[in-house]
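K.L.:
Under UniProt numbering, residues 1 to 540 are what the sequence shown spells out, in order.
It should be emphasised that the hints constitute simulated quantities derived from the structure, not laboratory data. The C-beta atom is built at its ideal place from N, Cα and C for all residues, glycine as well. It cannot be assumed that every hint is accurate.
Cross-link-like lysine-lysine pairs, in silico, DSS-like; alpha carbons within 25 Å at most [unchecked claim]:
(1) Lys245 / Lys58
(2) Lys245 / Lys158
(3) Lys245 / Lys75
(4) Lys407 / Lys448
(5) Lys360 / Lys448
(6) Lys436 / Lys391
(7) Lys391 / Lys290
(8) Lys245 / Lys108
(9) Lys486 / Lys448
Listed next, with one range per pair, are the computed distances between beta-carbon atoms [what the hints assert, rightly or not]:
(10) Ile502 / Ser461: 24 to 32 Å
(11) Glu86 / Glu112: 41 to 49 Å
(12) Asp111 / Trp539: 38 to 46 Å
(13) Glu122 / Asp453: 52 to 60 Å
(14) Pro114 / Asp453: 52 to 60 Å
(15) Lys108 / His179: 23 to 31 Å
(16) Asp476 / Ala250: 48 to 56 Å
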Amino acid sequence: MAAKKISTVLSRSFSSAAAPPCFFSRVRGGGGQSRLIGRYKSTLAAVEDPITPPVSVKYNQLLINGQFVDAASGKTFPTLDPRTGEVIAHVAEGDVEDVNRAVSAARKAFDEGPWPRMTAYERSRIIWRFADLLEKHTDEIAALETWDNGKPFEQSAKIEIPMTVRIFRYYAGWADKIHGLTVPADGPYHVQTLHEPIGVAGQIIPWNFPMLMFSWKVGPALACGNTVVIKTAEQTPLSAVYAAKLFHEAGLPDGVLNVVSGFGPTAGAGLASHMNVDKLAFTGSTDTGKIVLELASKSNLKPVTLELGGKSPFIVCEDADVDQAVELSHSAVFFNQGQCCCAGSRTFVHERVYNEFVEKAKARAIERTVGDPFREGIEQGPQVDSDQFEKILRIIRSGVESGANLKAGGDRFGTTGYYIQPTVFSDVQDDMLIAKEEIFGPVQSIFKFKDLDEVIQRSNSSRYGLAAGIFTHNLDTANTLSRALKVGTVWINCYDVFDAAIPFGGYKMSGNGREKGIYSLSNYLQVKAVVTSLKNPAWL
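Full structure from sequences and hints, please.
P.N.:
Set out below in structure tokens:
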């Protein structure tokens with residue numbers, strides 16, 4: 001297959017200052033049909049003639065105890081380019097034996113090594129030096145993210161890697177500000193609480209935001225003085241191991257951060273059930289989260305943080321500026337090819353503006369630029385792999401069969417790779433599969449509602465409770481909805497704002513615990529009460 005050299009995509013340098021504190025912030029109106037067809041044809045040609053990525057794969061082994069090593073079995077597995085389905089590289093396939101090696105290294109580093117024993121300020125300096133190195137290598141890591149995952153390069157380089165840098169700098173700042181309390185007691189006692197690192201943290205990250213999820217897990221764990229074994233997703237193993245190598249260049253002691261690539265039923269299960277892992281954090285599907293929780297409970301009852309699936313409502317109220325609401329709701333569901341756990345995939349629109357909204361949402365979806373993610377101006381690349389591609393198309397077919405009105409898209413885009421047309425359904429009913437199942441793809445389902453009581457009840461009827469969006473100019477409406485919705489995050493007149501200090505997590509079957517911000521530190525700390533008897537105290 002012919003491939004073109006990348007031209008101007010990497011001609012600029014990107015810094016963290018260029019990144020907004022959210023995934024997207026622009027608002028614009030939909031375009032006309034005549035523009036849309038021309039843009040569709042131009043990007044279709046780009047899909048069939050992919051650009052050669054401006055990076056090579058340097059690291060494809062496991063990283064255990066500071067060293068790159070092959071899997072104990074000698075096995076490898078292919079990681080694929082979602083633009084073509086072709087092999088990028090063969091990566092070491094970690095298994096239970098490799099997890100054992102990694103946990104042993106992490107255990108020794110925690111029990112005997114310098115990391116939990118050095119001053120918190122020195123830990124902070126190492127994490128900060130790593131953030132500087134990560135920023136320096138933005139272009140290479142962003143290119144690996146795009147090549148392995150399919151997301152637009154400009155998204156990787158301008159938004160996600162700078163946000164990753166920001167997360168690590170945030171937790172570098174927290175490292176020397178973690179402390180306990182002095183507690184008054186009823187009697188002659190001095191009582192203090194100690195906030196101690198929990199030990200060896202096992203972490204399992206997903207494929208949709210590999211580097212961001214790496215930062216959400218590793219940042220707070222290391223700031224608290226723990227050691228880590230992290231399992232990367234088998235679809236996207238390349239960027240995290242590159243970043244871990246940079247962490248060691250920044251001065252991280254051997255064994256503190258270990259990276260195992262492999263599959264869930266083997267490496268993932270081995271980590272979740274390991275008796276020497278003191279804490280587990282998992283991001284992924286709700287069904288897999290149940291398995292992870294069961295394995296943890298059947299082993300050593302290790303505490304588990306879960307960030308799971310979602311079916312988030314995006315509510316457009318009757319006072320909405322329809323053009324702005326269309327653009328924001330479009331981004332809420334289509335960003336990252338729709339592969340977001342908190343995607344606003346249930347678009348509830350008030351009946352007074354419903355018809356206008358549907359037509360403009362259709363036009364905006366047709367206008368969306370789909371193509372090779374290494375090309376400038378591309379909004380949507382391919383889905384991550386064939387499994388996800390086929391699942392999305394199956395759910396789209398179910399929407400048509402169940403009677404939803406297909407307004408745009410509905411099929412694959414081009415003939416090569418895992419591209420899917422931006423798809424919009426109207427007249428969606430709550431009992432349809434597209435209304436209930438997490439699609440994790442570029443599919444917008446639009447529902448009609450009459451009043452706040454109705455939309456609150458329907459929004460909360462989902463088994464999920466990760467996030468919600470509200471678009472209104474009425475403060476009372478915003479307050480009513482934000483308090484009534486059973487979700488972990490509510491965005492009002494914005495969406496996907498992921499500042500480092502803002503906690504993120506879900507209600508119900510979207511998980512438990514919170515990531516980011518001060519709240520995530522408690523995931524990686526034990527609280528110990530120390531009580532000392534006082535002899536003849538001057539005061540109590």
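K.L.:
State for each hint whether it applies.
P.N.:
Status of the hints after comparison with the structure:
The straight-line distance between the Cα atoms of Lys245 and Lys58 is roughly 10 Å, inside the 25 Å bound, and the hint therefore holds. A hinted pair counts as satisfied when its Cα atoms are at most 25 Å apart, and Lys245 with Lys158 qualifies at roughly 22 Å. For the hint linking Lys245 to Lys75, the alpha-carbon distance of about 22 Å falls within 25 Å, and the restraint holds. With a C-alpha separation of about 15 Å, the suggested pairing of Lys407 with Lys448 holds against the 25 Å cut-off.
The hinted pair formed by Lys360 and Lys448 meets the criterion: a straight-line CA distance of about 15 Å does not exceed 25 Å. Distance restraint check for Lys436 and Lys391: the Cα-Cα separation of roughly 14 Å lies within the 25 Å cut-off, and the hinted pair is therefore satisfied. For the given pair, Lys391 sits about 21 Å from Lys290 by alpha-carbon distance, which is consistent with the 25 Å threshold. For the given pair, Lys245 sits about 20 Å from Lys108 by alpha-carbon distance, which is consistent with the 25 Å threshold.
Restraint check for Lys486 and Lys448: the C-alpha separation of about 20 Å stays at or below 25 Å, so the hint holds. For Ile502 and Ser461, the Cβ-Cβ distance of about 26 Å falls inside the hinted range of 24 to 32 Å, so the restraint holds. The given range of 41 to 49 Å is respected by Glu86 and Glu112, whose C-beta atoms sit roughly 45 Å from each other. At roughly 40 Å, the beta carbons of Asp111 and Trp539 sit within the given window of 38 to 46 Å.
Against the hinted window of 52 to 60 Å, the Cβ-Cβ separation of Glu122 and Asp453 comes to about 56 Å, which satisfies the hint. Range check, Pro114 to Asp453: about 59 Å between beta-carbon atoms, so the 52 to 60 Å window is met. Between Lys108 and His179, the C-beta spacing of about 27 Å keeps the proposed range 23 to 31 Å intact. Taking the beta carbon of each, Asp476 and Ala250 are about 50 Å apart, inside 48 to 56 Å as hinted.
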